[in-house]
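Residue strings, one per chain:
Number of protein chains: 2
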Amino acid sequence: MKEPYVSAEDKKFLKLALNLARRNVGLTGKNPSVGCVITFRDIILGRGNTQPGGRPHAEIMAIKQASEHHLLRRKEKINDINVYITLEPCAHETTSPSCAKEIVKFGANRVIYLATDPDIRTNGKGKLLMEEAGIKCIESSIYKNENSEILRGYLKQKKTGFPYITLKIGASMNGKIATKNGESKWVTNSLCRKRVQLLRSENDGILIGKNSIIIDNPRLNLREQFDKIENKPIFILDTNFELSDSENLLLFDKLGREKVNIITNREPKDVASKVSDFFKGVNFEKSVKEHGLLNIEEILKIISRMGVNRLLVEGGARVWTSFIKTGFFDEIVMFTGNSIINDSSISCFNDFLPLDTRLRDFPNLTLISLLKWEDNIEARWIPNS
Amino acid sequence: MKEPYVSAEDKKFLKLALNLARRNVGLTGKNPSVGCVITFRDIILGRGNTQPGGRPHAEIMAIKQASEHHLLRRKEKINDINVYITLEPCAHETTSPSCAKEIVKFGANRVIYLATDPDIRTNGKGKLLMEEAGIKCIESSIYKNENSEILRGYLKQKKTGFPYITLKIGASMNGKIATKNGESKWVTNSLCRKRVQLLRSENDGILIGKNSIIIDNPRLNLREQFDKIENKPIFILDTNFELSDSENLLLFDKLGREKVNIITNREPKDVASKVSDFFKGVNFEKSVKEHGLLNIEEILKIISRMGVNRLLVEGGARVWTSFIKTGFFDEIVMFTGNSIINDSSISCFNDFLPLDTRLRDFPNLTLISLLKWEDNIEARWIPNS
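The listed protein sequences correspond, in order, to chains E and B. Residue -15 is where the first sequence starts when you use my numbering, and the numbers rise one by one after that. Residue -15 is where the second sequence starts when you use my numbering, and the numbers rise one by one after that.
Misleading hints may appear alongside valid ones.
Once the Cα atoms are required to be at most 20 angstroms apart in a straight line, the calculated EDC-like pairs of lysine to aspartate or glutamate come out as [claimed, not checked]:
id, chain 1, residue 1, chain 2, residue 2
1, E, K356, B, E362
2, E, K169, B, D340
3, B, K164, E, D345
4, B, K356, E, D345
5, E, K164, B, D327
6, B, K(-1), B, E133
7, B, K142, B, E358
8, B, K(-4), B, E130
9, B, K164, E, E362
10, B, K356, E, D340
11, E, K356, B, D359
12, B, K356, E, D359
13, E, K169, B, D345
14, B, K164, B, D335
15, B, K169, E, E315
16, B, K164, E, D327
17, B, K(-14), B, E208
18, B, K356, E, E362
19, E, K285, E, D103
20, B, K164, E, D340
21, E, K356, B, E358
22, B, K309, E, D327
23, B, K120, B, D327
24, B, K178, B, E315
The hints are simulated quantities; they were obtained by calculation from the structure and are not laboratory data.
Excised from the complex, chain E in its bound form (with noise of 0.2 angstroms):
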């Protein structure tokens, strides 16, 4: 197909949609971050993003504030109204107006959108809705690579089922993440640690092993300049329950019993039972167990249908291993810390191949980022495929 002409000033909206969009990256739930830009020729007259949560659509909230321009106000009907959007609008209504059907009401002359909506309600019917009306409608593969990325976590749940995974891991110049004892406070920098909240923030859900809760006790939380936003669904994998022996977590404090999931093999019932109220809130899901361990696809099947499209994995070493050895990750964001610590201290990974594989045969990786922080490496890396 060939790429339809859109010119610099529709670029330049383009750009600022893509802009608006990313903003609300990770806020959104199910719903993808998309941003919209409503302009009568050069003037911006609304701009919108989808709000946290999920709704209003971007396409409404711009549509809103377009309505109360001045140009707007007067008797005269203005033609040449151009309606920017990082996705095809939608066509279903739901809670909600039909995003299409609103620009159709409006009165847009033109629609620019740079990704058709997989969502089968959707899915071209958006356009068709729109041209039907009347409207000239182009999709643009312009900055394709950066709407990706902005809309990965909806686009591969759609695509897959599954979320899009990231794993976070900080380790020490050798690539351990704990002492021999476990102390893990601190292997990497505060600037590091930034960064760990900017991941939070981007994500709708964090995935940790019952260890890393055990043995660390973290918080899990926003905090700083993230802390006006809502924390993030948890989910611990604790194949036996063993976190039922626990007194203290202070992610119940930080985030309230209600963010966090337990996923187990214990039957929800036995659990209900059997909890101390020290656990009561908490919500748990049942997986099957395979060689002693949670089965990573059925797992990351319950957290999907809980809403989740971009999940960080926070370890630790047995938890990253799992994803690896499965192949269940989309990227691996890695910070180096300055120190150099014992080899038989806590590793990244463990085995998880036979013990006479040959190098070619692991698993080899595309390094797209690299950032300096102080004395501090953020590598990030995504699969080879």
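Fit chain B to the supplied structure of chain E, relying on the hints for placement.
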């Protein structure tokens, strides 16, 4: 001390002298790599740097070129001749004339240099000699960092009696240098291996453990764009001369046996009487043994005596760990490949502190440079003092 005034013009010529010095780093043997520029006003009359092997000195090369300049072939004596040098010119005569005297003889009016020579035969005497002849001498500390980097092997050797030591490590993304079976070709990519060639060219000698020789059978020579450079002496640590069973060592073919030094705990006369013809021509040095390992300090003294100011330590894990443990290292160049390999593969370091050591008590490093070579990383670290 107040920093003396140097003009923008002076700085330009000093920078040129620095660049000349940088070219021969690692090629000048026991002597420092120095650069020299001679000017008449803004005209460059001569340029020089320390020649491979250490002689002639930079000043002699620059004077030789300047003497042939047409401006100096005229009858009338010209004034306003400046000499820019990266190190105080030597005051002592050995196999070649004293540079300070040669500068006087040449007829310089003003000399600017960037560092006092710590060699006691010069140390201020070069300056004195020139000042007594009426030359204005300025020691400037501009470009101190750049110059210290060029001179660091020489300066460290003069100051401490030990070489500047760089540990060069190539590891997988999770800190492993080889699979459990010892397969290490290749953990890092070809760009990193080219950088290793550069590192070899910049150092005066290469140290390696006998295990690495036995397992990898490395060539350790300078290749590709570096193949015109004379190969470096190799120092193999082999406490019990286990290499004596070897029948095929690539480095013997690639470098010649005269470049190979085996440091062992065996008595040289015992070794000499017992070695097969295969080892004829190899130099043996004896060092003491402690807890089954050779003593690093003594090894470094032996290597220093052999004229090495910059030592590259190519591994493996046991050797690097000995240097980390004893604190005898000035820099670590860590190349990180893009694979994740089993945890039970070979690590870059072994244990080196008691198992209950706290995180804060492990060595900390400063990250001085970070480079991306396609999907690999080169990080340079120096120890925090």
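Okay, the hints, checked on the actual structure:
1. A threshold of 20 angstroms between alpha carbons decides the hint, and for K356 (chain E) with E362 (chain B) the separation of about 12 angstroms falls inside it, so the pair holds.
2. With a CA separation close to 15 angstroms, the supplied pair K169 (chain E) and D340 (chain B) stays within the 20 angstroms bound.
3. The suggested pairing of K164 (chain B) with D345 (chain E) holds, with an alpha-carbon distance near 13 angstroms, which does not exceed 20 angstroms.
4. Pair hint K356 (chain B) plus D345 (chain E) does not hold up; C-alpha atoms about 23 angstroms apart against a cutoff of 20 angstroms.
5. Simply put, K164 (chain E) and D327 (chain B) have alpha-carbon atoms about 15 angstroms apart, close enough for the 20 angstroms limit, and the pair holds.
6. A C-alpha spacing of about 14 angstroms is found between K(-1) (chain B) and E133 (chain B), which places the hinted pair at or below 20 angstroms, so the restraint holds.
7. Taking the CA atoms of K142 (chain B) and E358 (chain B), the gap is about 39 angstroms. The hint is violated against a cut of 20 angstroms.
8. Distance restraint check for K(-4) (chain B) and E130 (chain B): the Cα-Cα separation of roughly 14 angstroms lies within the 20 angstroms cut-off, and the hinted pair is therefore satisfied.
9. Note on K164 (chain B) and E362 (chain E): the hinted pairing is violated, with a Cα-Cα distance of about 28 angstroms set against a maximum of 20 angstroms.
10. Distance restraint check for K356 (chain B) and D340 (chain E): the Cα-Cα separation of roughly 30 angstroms exceeds the 20 angstroms cut-off, and the hinted pair is therefore not satisfied.
11. The suggested pairing of K356 (chain E) with D359 (chain B) holds, with an alpha-carbon distance near 16 angstroms, which does not exceed 20 angstroms.
12. A threshold of 20 angstroms between alpha carbons decides the hint, and for K356 (chain B) with D359 (chain E) the separation of about 16 angstroms falls inside it, so the pair holds.
13. For a cut-off of 20 angstroms, the pair hint linking K169 (chain E) to D345 (chain B) stands: about 13 angstroms separates their Cα positions.
14. Taking the CA atoms of K164 (chain B) and D335 (chain B), the gap is about 17 angstroms. The hint holds against a cut of 20 angstroms.
15. With a C-alpha separation of about 26 angstroms, the suggested pairing of K169 (chain B) with E315 (chain E) is violated against the 20 angstroms cut-off.
16. With a C-alpha separation of about 15 angstroms, the suggested pair K164 (chain B) and D327 (chain E) falls inside the 20 angstroms cut-off, and the hint holds.
17. For the given pair, K(-14) (chain B) sits about 47 angstroms from E208 (chain B) by alpha-carbon distance, which is inconsistent with the 20 angstroms threshold.
18. For the hint pairing K356 (chain B) with E362 (chain E), the CA-to-CA distance comes to about 12 angstroms; that is within 20 angstroms, so the pair holds.
19. Straight-line distance between C-alpha atoms of K285 (chain E) and D103 (chain E) comes to about 18 angstroms, which keeps the hinted pair within the 20 angstroms bound.
20. Of the supplied pair hints, the one linking K164 (chain B) and D340 (chain E) holds, its CA atoms being roughly 7 angstroms apart against a limit of 20 angstroms.
21. With a C-alpha separation of about 17 angstroms, the suggested pairing of K356 (chain E) with E358 (chain B) holds against the 20 angstroms cut-off.
22. Proximity of K309 (chain B) to D327 (chain E) is assessed by CA-CA distance (about 13 angstroms); at most 20 angstroms being required, the pair is judged to hold.
23. Distance restraint check for K120 (chain B) and D327 (chain B): the Cα-Cα separation of roughly 63 angstroms exceeds the 20 angstroms cut-off, and the hinted pair is therefore not satisfied.
24. Restraint check: the Cα-Cα separation between K178 (chain B) and E315 (chain B) comes to about 19 angstroms, which is no more than 20 angstroms; the hinted pair holds.
Figure legend: structure checked against the earlier numbered hints; hints not met, in rising order: 4, 7, 9, 10, 15, 17, 23.
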